[in-house]
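Protein chains: 6
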Amino acid sequence: MPYVNIKVTDENVTQEQKQALIAGTTQLLVDVLDKNPATTFVVIDEVSTDNWGIGFDQVTKLRQLADT
Amino acid sequence: MPYVNIKVTDENVTQEQKQALIAGTTQLLVDVLDKNPATTFVVIDEVSTDNWGIGFDQVTKLRQLADT
Amino acid sequence: MPYVNIKVTDENVTQEQKQALIAGTTQLLVDVLDKNPATTFVVIDEVSTDNWGIGFDQVTKLRQLADT
Amino acid sequence: MPYVNIKVTDENVTQEQKQALIAGTTQLLVDVLDKNPATTFVVIDEVSTDNWGIGFDQVTKLRQLADT
Amino acid sequence: MPYVNIKVTDENVTQEQKQALIAGTTQLLVDVLDKNPATTFVVIDEVSTDNWGIGFDQVTKLRQLADT
Amino acid sequence: MPYVNIKVTDENVTQEQKQALIAGTTQLLVDVLDKNPATTFVVIDEVSTDNWGIGFDQVTKLRQLADT
Numbered sequence: 001m002p003y004v005n006i007k008v009t010d011e012n013v014t015q016e017q018k019q020a021l022i023a024g025t026t027q028l029l030v031d032v033l034d035k036n037p038a039t040t041f042v043v044i045d046e047v048s049t050d051n052w053g054i055g056f057d058q059v060t061k062l063r064q065l066a067d068t
Numbered sequence: 001m002p003y004v005n006i007k008v009t010d011e012n013v014t015q016e017q018k019q020a021l022i023a024g025t026t027q028l029l030v031d032v033l034d035k036n037p038a039t040t041f042v043v044i045d046e047v048s049t050d051n052w053g054i055g056f057d058q059v060t061k062l063r064q065l066a067d068t
Numbered sequence: 001m002p003y004v005n006i007k008v009t010d011e012n013v014t015q016e017q018k019q020a021l022i023a024g025t026t027q028l029l030v031d032v033l034d035k036n037p038a039t040t041f042v043v044i045d046e047v048s049t050d051n052w053g054i055g056f057d058q059v060t061k062l063r064q065l066a067d068t
Numbered sequence: 001m002p003y004v005n006i007k008v009t010d011e012n013v014t015q016e017q018k019q020a021l022i023a024g025t026t027q028l029l030v031d032v033l034d035k036n037p038a039t040t041f042v043v044i045d046e047v048s049t050d051n052w053g054i055g056f057d058q059v060t061k062l063r064q065l066a067d068t
Numbered sequence: 001m002p003y004v005n006i007k008v009t010d011e012n013v014t015q016e017q018k019q020a021l022i023a024g025t026t027q028l029l030v031d032v033l034d035k036n037p038a039t040t041f042v043v044i045d046e047v048s049t050d051n052w053g054i055g056f057d058q059v060t061k062l063r064q065l066a067d068t
Numbered sequence: 001m002p003y004v005n006i007k008v009t010d011e012n013v014t015q016e017q018k019q020a021l022i023a024g025t026t027q028l029l030v031d032v033l034d035k036n037p038a039t040t041f042v043v044i045d046e047v048s049t050d051n052w053g054i055g056f057d058q059v060t061k062l063r064q065l066a067d068t
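Residue numbers (the working numbering), protein chains in the order written: chain A, 1 to 68; chain B, 1 to 68; chain C, 1 to 68; chain D, 1 to 68; chain E, 1 to 68; chain F, 1 to 68.
These are calculated hints, taken from the structure and not from any lab test. Be aware that one or more of the hints could be misleading.
Computed spacing ranges between beta-carbons, pair by pair [what the hints assert, rightly or not]:
no., chain 1, residue 1, chain 2, residue 2, range
1, D, Leu62, B, Leu65, 38 to 48 Å
2, F, Thr14, C, Glu46, 34 to 44 Å
3, B, Thr14, A, Asn12, 29 to 39 Å
Some chain B residues judged to face chain F by a derived CB distance under 10 Å, without partners named [what the hints assert, rightly or not]:
no., residue
4, Val43
5, Val47
6, Ala66
Quick list of in silico lysine to aspartate or glutamate cross-link-like pairs, EDC-like style, CA-CA up to 20 Å [claimed, not checked]:
no., chain 1, residue 1, chain 2, residue 2
7, C, Lys35, B, Asp34
8, C, Lys35, B, Asp10
9, E, Lys35, A, Asp34
10, A, Lys61, A, Asp50
11, F, Lys35, D, Glu16
Quantities reported herein were computed from a predicted structural model and do not represent experimental measurements. Each residue gets a CB set at the ideal place from its N, CA and C atoms; glycine is no exception.
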């Protein structure tokens, strides 16, 4: 009965990508630990780039620097 | 000083239901562990059904199947 | 398919208390949101009082002050 | 490689305040534990006052009482 | 810069299994979202079966019932 | 009433360092957001280096490589 929480920045993650993350993570837990998929939860959090910091800075700023 | 995080799918949870979850969880911690309600936090996360997976699939898809 | 995480300080929580927290939280989600208990997870984290802070201080210190 | 999650109520937190929380938390981990800021993540969650409970009540209600 | 938290019951997860969960999850985020593995964190929590509840009961009890 | 969760690797974090993380984080929330320290929680999780992955590998392995 695993619970997996995936946090990524909120940058246009599509339905297909979400479905792929859920299916892939669940399959990994089946393959590696023989868990039951019927009680395997995967929850995806999409976090605003304003609210995610790395190396002292908001990701919003890092994205702007990368674009210049 | 407990901290409780309740994650449910984002499907029209009302103010009254949120209040009932908060009061009920807090009362449970008072009753079972004699905790102080003044420092008992309850945080509810409402997660999009697109972002919650169970048994390889998004809950959105499971809800559609259940409706057909 | 709710997921509930209860964090309390690690101060001799008994098996019976853990069972009461799990059963009580699950019943609350059934009563308030009509959730299915078979896919309701409750995870209890017991946190060392050294690792929990409130009002600038470790709970370990607050417990010592309360005992004097 | 620390990971820090800051949950606050969603009450008009500004870009400058978010940046200050990220920079300040990262600096604290550098100062106290000599961590590498390049692999220090800070994620801020802004939680609706309807979804945060303390002392049996939603913060929304506590704010209304404080204003009266 | 994703952050993934995998919670499983604490039932003899080996080093090889942990390494497989970390590598597999990271590869999934590279494949699906083109994320940079150098800033992809995977944190595994092993939770005592006494502290994990499903369907009103501790997993400890469910395991005992399954063995009888 | 903020809640902060700090996850670091379990590598001999001292009582003094824990106290400094708690006091520093709480002060940051007072300074930046004018929060009440009496209802500011800081919870530190110390995660085994076997259970923390970055860039496909367990931190345990990265530490061994760094030492050679």
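Hints, one by one, checked against the model:
1. Leu62/D to Leu65/B: 38 to 48 Å: Holds, at about 41 Å.
2. Thr14/F to Glu46/C: 34 to 44 Å: violated, 21 Å
3. Thr14/B to Asn12/A: 29 to 39 Å: At roughly 31 Å between Cβ atoms, Asn12/A and Thr14/B fall inside 29 to 39 Å, so the hint holds.
4. Val43: holds, 7 Å
5. Val47: violated, 18 Å
6. Ala66: violated, 35 Å
7. Lys35/C to Asp34/B: violated, 27 Å
8. Lys35/C to Asp10/B: holds, 13 Å
9. Lys35/E to Asp34/A: This hinted pair is violated, its Cα atoms lying about 27 Å apart.
10. Lys61/A to Asp50/A: The given pair, whose Cα atoms are some 8 Å apart, holds under the 20 Å limit.
11. Lys35/F to Glu16/D: holds, 16 Å
Violation of the numbered hints given earlier is confined to hints 2, 5, 6, 7, 9; the remaining hints are satisfied by the structure.
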